[in-house]
Amino acid sequence: MSRIGEAFERCRAEGRKAFIPFLAAGDPDLPATAAALQILDRAGADVIELGIPFSDPIADGPIIQASYQRALEGSVSLEKTLAYLGHLRLRAPLLLFTYLNPLLQLGRRWSEPDLPAESGLHRLAREAAQAGVGGVLVSDLTPEEAARYRDVFQSHALDTVFLVAPTTTEIRLPKILSCCSGFVYLIARTGVTGRQTVLTRSIENHIDAIRRHCSLPVAIGFGMRTPDDVRRGCAVADGVVVGSAIVEALHRCVGRQNWELEFARTIGEFVEATRNGGSRRHSG
Amino acid sequence: MAPLQELEAAYIRCCGDTTFREELDALLREYVGRPTPLTFAARLSRELAARIYFKREDLCHTGAHKINNALGQALLARRMGKRRIVAETGAGQHGVAAATVCALLGLECCVYMGVEDMARQELNVFRMRLLGADVVPVRSGSRTLKDAINETMRDWVSNVEQTHYLLGSVLGPHPYPRMVRDFQSVIGREARAQILEKEARLPDVLIACVGGGSNSLGLFYPFLGDDAVAMVGVEAGGRGSGLGEHAARFRGGSPGVLHGCYTYLLQDTDGQIAPTHSISAGLDYAAVGPEHALLHDAGRIRFTAASDGEALRACRILAETEGLISALESAHAVAELLKDPASWRGRLIIVNLSGRGDKDMSTLREEIEKGAPERPSGDEG
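Going down the list, the protein sequences come from chains P and S. Take the working numbering: the last position of the first sequence gets the number 803, and nothing is skipped along the way. Take the working numbering: the last position of the second sequence gets the number 382, and nothing is skipped along the way.
Keep in mind that the hints were calculated from the coordinates and are not lab data. Note that the Cβ used here is the ideal one computed from N, Cα and C, for glycine as well. Some hints could be false.
[Claimed, not checked] Computed list of chain S residues with no C-beta within reach of chain P, every gap over 10 Å: (1) A11; (2) A27; (3) F41; (4) S46; (5) C111; (6) D183; (7) S242; (8) R252; (9) E321; (10) L339.
[As the list claims (entries may be wrong)] To spell it out: a stretch of chain S is covered by chain P in this simulated footprint if at least three of its residues, at any positions, have a beta carbon under 8 Å from a beta carbon of chain P; those stretches are: (11) 151-160; (12) 258-265; (13) 270-282.
[As the list claims (entries may be wrong)] Pairwise CB distance ranges, derived in the manner of DEER restraints: (14) A229(S) <-> P581(P): 49 to 57 Å; (15) R771(P) <-> Q163(S): 29 to 37 Å; (16) G17(S) <-> T686(P): 21 to 29 Å; (17) R610(P) <-> G17(S): 57 to 65 Å; (18) A320(S) <-> S721(P): 55 to 63 Å.
Kindly produce the complete structure, drawing on both the sequences and the hints.
Okay, structure coming up:
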């Protein structure tokens, strides 16, 4: 079983849901990211999503856009991120959240001239695994185009996670799910990251549809802004992703005196919500 | 994917539907003013010892070729039961075209435009609002076309049920590149029939400016099977050859993925999309349409570039020689004729005059008053 698979398995065994926080690498800089990752890890994050900044993040709302913008001003890159994080020994596996182009270009750059084109991707997968990455989610990579990435990543025991949207038809669902490993990421509403989501009955229908086709854990994300949102999410899914709210929390407190404590406190409230979430009914 | 698949299915249905075709053709005729003339440029032809024709997309209603695609997609959107259109715009011509067809068909219209572009195309912003569209300034990223596309896509994915994304060029996720090319092909279909009627033979060369690629592909596409017809696409050479100083994707770019398609992009070594520059907002974009990328690699289209200075100069020369005031974008195509005039001797040429220059009057005046330097772009191609 993969590291991400094991993380969900542990949650299940302990009768709780998975807490999956998201941070942007390099916002405001890699040392701060490393410190924040350690705080998330110690607070009990089960899987940690690490966003790789991109100049044109079409799936992201203003909070993550601004975060990526700040990180890019510091010239962060996928290569620098993997190199920097190599020394961290986190308990939780990282899920790399990236757009395709930065991945494609690094894979190209790392390709050996006399070896097949895949050699660059293999090196990338190897270095990612060494840096504590347990899986990759490429937000603009469709299942139709994913074959070579899946082959390479899975050969290094890295999970490939894909997004399922509320607009995904039941006809298309099996195709997406057949590419997924580790878990299935269900977007809680139509739209981009950040704006608050009110969970409705239809989310349960989507989760049921997913469960009809595969037995992987399902985590929901996009618009999970408060501990209450997380509680409601936990009532229906196996885990909840919290992105913009955590990015914003870090941005607000980083640089201040004792920011680590303040950040840890905020995270604690989210973790608490995943512990109590399973027993509460959501207000759909 | 679902909205894209729904769009593709609806589009294919319309392709096979004669009433759709008839409705579109009637509006292209009665509202847009098609067919546009293929104007013989007598004085320019004499100067270059060639036979030069301009395909007059500047005479379309709204002043550019953009409306050919906007009308097609708006009719399609109405067929699909959508009530709202979102669109991105760079120079504003596509935004104006979108606002225009929405006013015509009674659809709600929201246009996203980068604040940098809004500043240099104030007239078009006013026109869009006069036509009843909402113009939303985009302040993220580089605040130009690519950021407007990002914001439009974000709106679309958030409002997909009632909204159609009226994409303005041969870019983006499938089926847009094909659909936009099909709608713009009316340009080339007409030009082909017109040149055969006037000259009893096919042209030697077609020349067009290339931003996203819709006007050029619209002209070129119906001639693709005519092997003896050469094709030249002119990109924005901007003010220099460094990354960020131009928008010549085939000079300084490499293959990558942006906005749902795989094509030549201007990017840095980490795969971040690079800033671009051109005096003409409509050519100022980091990616070129994927079909252009294919045709470039196949050697079917030769790509070159014209600098800001060369485009400005071409604009003035065309105005003084033929009484045609072209858009700065289209002036890049004209600049190609003027770069090495002797090379066109004896040839039969069609240049796509993709738009008229009213929107560029203030830029032209500023540059002329500044005494803009006319540096060559250093093109050896």
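Cross-check of the supplied hints:
The claim that A11(S) lies off the interface holds: its Cβ sits roughly 15 Å from the closest Cβ of chain P, which is beyond the 10 Å cut-off. Distance to chain P confirms A27(S) as a non-interface residue, since its nearest Cβ pair spans about 34 Å, more than 10 Å. Non-interface call for F41(S) relative to chain P: holds, since the shortest CB-CB distance, roughly 44 Å, exceeds 10 Å. S46(S), annotated as away from the interface, keeps every beta carbon of chain P farther than 10 Å; the closest lies near 44 Å.
Its beta-carbon lying about 15 Å from the closest one in chain P, C111(S) satisfies the requirement of being farther than 10 Å from that chain. Its beta-carbon lying about 22 Å from the closest one in chain P, D183(S) satisfies the requirement of being farther than 10 Å from that chain. Listed as outside the interface, S242(S) is consistent with that label: its C-beta sits roughly 21 Å from the nearest C-beta of chain P, beyond the 10 Å cut-off. For R252(S), the condition that its CB be more than 10 Å from all CB atoms of chain P holds, with the nearest at approximately 18 Å.
Annotated as non-interface, E321(S) keeps its C-beta farther than 10 Å from every C-beta of chain P; the closest such distance is 41 Å. At roughly 35 Å, the least C-beta separation between L339(S) and chain P is larger than 10 Å, which holds for a residue marked as non-interface. Coverage of a stretch by a chain is defined here by at least three residues with a beta carbon nearer than 8 Å to that chain's beta carbons; for the stretch 151-160 of chain S and chain P the count is 6, and the condition holds. For a cut-off of 8 Å, the count of residues in the stretch 258-265 of chain S with a CB near a CB of chain P stands at 4, and the three-residue condition holds.
Counting residues of the stretch 270-282 of chain S whose CB falls under 8 Å from any CB of chain P gives 5; the rule of at least 3 is met. The hint said 49 to 57 Å for the Cβ distance between A229(S) and P581(P), and at roughly 53 Å that hint holds. R771(P) and Q163(S) have their C-beta atoms about 35 Å apart, which keeps the hinted 29 to 37 Å range intact. Checked against the given bound of 21 to 29 Å, the beta carbons of G17(S) and T686(P), roughly 26 Å apart, stay inside it.
Range check, R610(P) to G17(S): Cβ separation about 58 Å, and the 57 to 65 Å hint holds. Taking the beta carbon of each, A320(S) and S721(P) are about 59 Å apart, inside 55 to 63 Å as hinted.
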